[in-house]
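Peer 1: Sequence:
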Amino acid sequence: MRKDIFSPVKIAGLTFKNHILRSGTHEGMADEYGRPTESLKKTYRRLAAGGVGGIITGYSGIMQRGKSENYNMLMMDKDELIDDYKVIVEEVHQYGVPIIHQLAHCGNQTSSKVTGMTPIAPSPIKNKVHNDDTPLEATEQEIEDIINHFVSATRRSEQAGFDGVQLHLAHGYLLSSFLSKNTNRRKDKWGGSLENRYRIVDLIITRIKKIMPSYPVFVKLNAYDHRKNGMREEEAVQIAKMLEKSGCDAIEVSCGVEEDGLNMTRGNSPTEALLEYGTKYKNKSTLQKKVLKPIINKVLTPIEPIRNYNVDAAKSIKNAINIPVIVVGGIRTKSEIENIIENDKADMVAMSRPFVLEPNIVSKFKEGKQDEPKCINCNYCIIAIQSQPLRCYYGKIL
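Numbering (my numbering), first residue to last: 4 to 401.
Note that these hints are calculated values from the structure, not bench results.
Backbone N, C-alpha and C fix where the C-beta goes; we use that ideal spot for every residue, glycine too.
It cannot be assumed that every hint is accurate.
Simulated restraints, written as ranges between beta carbons of each label pair [unchecked claim]: (1) 297 with 96: 30 to 40 Å; (2) 293 with 198: 42 to 52 Å; (3) 298 with 5: 23 to 33 Å; (4) 145 with 305: 19 to 29 Å; (5) 145 with 209: 29 to 39 Å; (6) 391 with 209: 34 to 44 Å; (7) 145 with 81: 45 to 55 Å; (8) 52 with 89: 44 to 54 Å; (9) 13 with 297: 34 to 44 Å; (10) 116 with 145: 38 to 48 Å; (11) 116 with 5: 26 to 36 Å; (12) 198 with 302: 31 to 41 Å; (13) 290 with 345: 19 to 29 Å; (14) 191 with 52: 17 to 27 Å.
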């Protein structure tokens, strides 16, 4: 029997309106304290009204030391923030749309200029992109604090009315860097074997489930990256099995780290946007930018394929576990979504960039007005978020 991508989906007691999610996308719509703004509420309202099956928020920091270098990251590190999120959740729920709160610690992908503290990581390895500081290796007590902060942020999310949380285990952030042999060179119980590298994730999930046994916990997981000794699909499958055992309710499959260039968000090279909006380049002179341009072009060479590049990995993971699998990454057309769902390659599909220009793209799909979004994969939105709130640039400097 053919599956209808617009039929409801049940995961962990939640009912999503259809098989299409807005994937976690940093919006830069918080104030200086990480408090959500009216602009964020409007953004989520448009998404909810536009027919999306469910919303995964942009990442929220669990503690100040893990705050992003990107423009105005959301935070969930204080009880005082709970009421501000309640307003947003209530707005989304008016449309019958579940909203999942993404929680993250940026690890070595931040800077002391932003947090006021030296970044922390499993091992003291400088990030090639976020390279202002060499991170400190996390101590036993600091790891324990990180675990507790993830649990506390989840408790706050539940109190704010969020339908669940998504732990960010991808894209080189702290939990991702614990999982990867490339960034985790530890010799203690937090490094070495896969079981040791996974330990911090297991403790976060099991402690959440001990306190809130029925509260949905999703994760975003890298299936692979392009780093030496980095994540590979075979190991991601094993991690997925461990996540299921820990009590995880669903896995969103992604890929890549920022050091990989355009591995995560494939498409056109956004060199012009980086020179104009990138925090490390926008104040350079015209001559300096001219010299830098060919170098950046080489680093940001488009990676193939640019469509459906995590689907095969998602299928491998789905075949190995019994909890739902969500896939994100270059999925654009209604036909592509139908192919994924009808052939059981994943249980749900997530998109990010198409929603920036068209928050109502799902309604357009359902009504037969479009088979594909207007997004041109220019990646300007991904770059400009370093210095200003999320918006569509459509391949133009504004």
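Peer 1: Taking the hints in turn, state whether each one holds.
Peer 2: Cross-check of the supplied hints:
The hinted window of 30 to 40 Å between residue 297 and residue 96 is violated, with their beta carbons roughly 50 Å apart. For residue 293 paired with residue 198, a C-beta distance near 51 Å keeps the hint of 42 to 52 Å intact. Remark: the range hint 23 to 33 Å for residue 298 to residue 5 is contradicted by a beta-carbon distance near 50 Å. The hinted range of 19 to 29 Å is not satisfied by residue 145 and residue 305, whose Cβ atoms lie roughly 38 Å apart.
Between residue 145 and residue 209 the Cβ separation comes to about 20 Å, which falls outside the hinted range of 29 to 39 Å. Checked against the given bound of 34 to 44 Å, the beta carbons of residue 391 and residue 209, roughly 39 Å apart, stay inside it. About 19 Å separates the C-beta atoms of residue 145 and residue 81, a value inconsistent with the hinted range of 45 to 55 Å. Look at residue 52 against residue 89: about 19 Å separates their beta carbons, and that is not inside 44 to 54 Å.
The given range of 34 to 44 Å is broken by residue 13 and residue 297, whose C-beta atoms sit roughly 51 Å from each other. A C-beta distance of roughly 20 Å is found between residue 116 and residue 145, which places it outside the suggested range of 38 to 48 Å. A hinted range of 26 to 36 Å for the beta carbons of residue 116 and residue 5 is inconsistent with their spacing of about 53 Å. Judged by the Cβ atoms, the range 31 to 41 Å given for residue 198 and residue 302 holds: they are separated by roughly 35 Å.
For residue 290 paired with residue 345, a C-beta distance near 54 Å fails the hint of 19 to 29 Å. For residue 191 paired with residue 52, a C-beta distance near 50 Å fails the hint of 17 to 27 Å.
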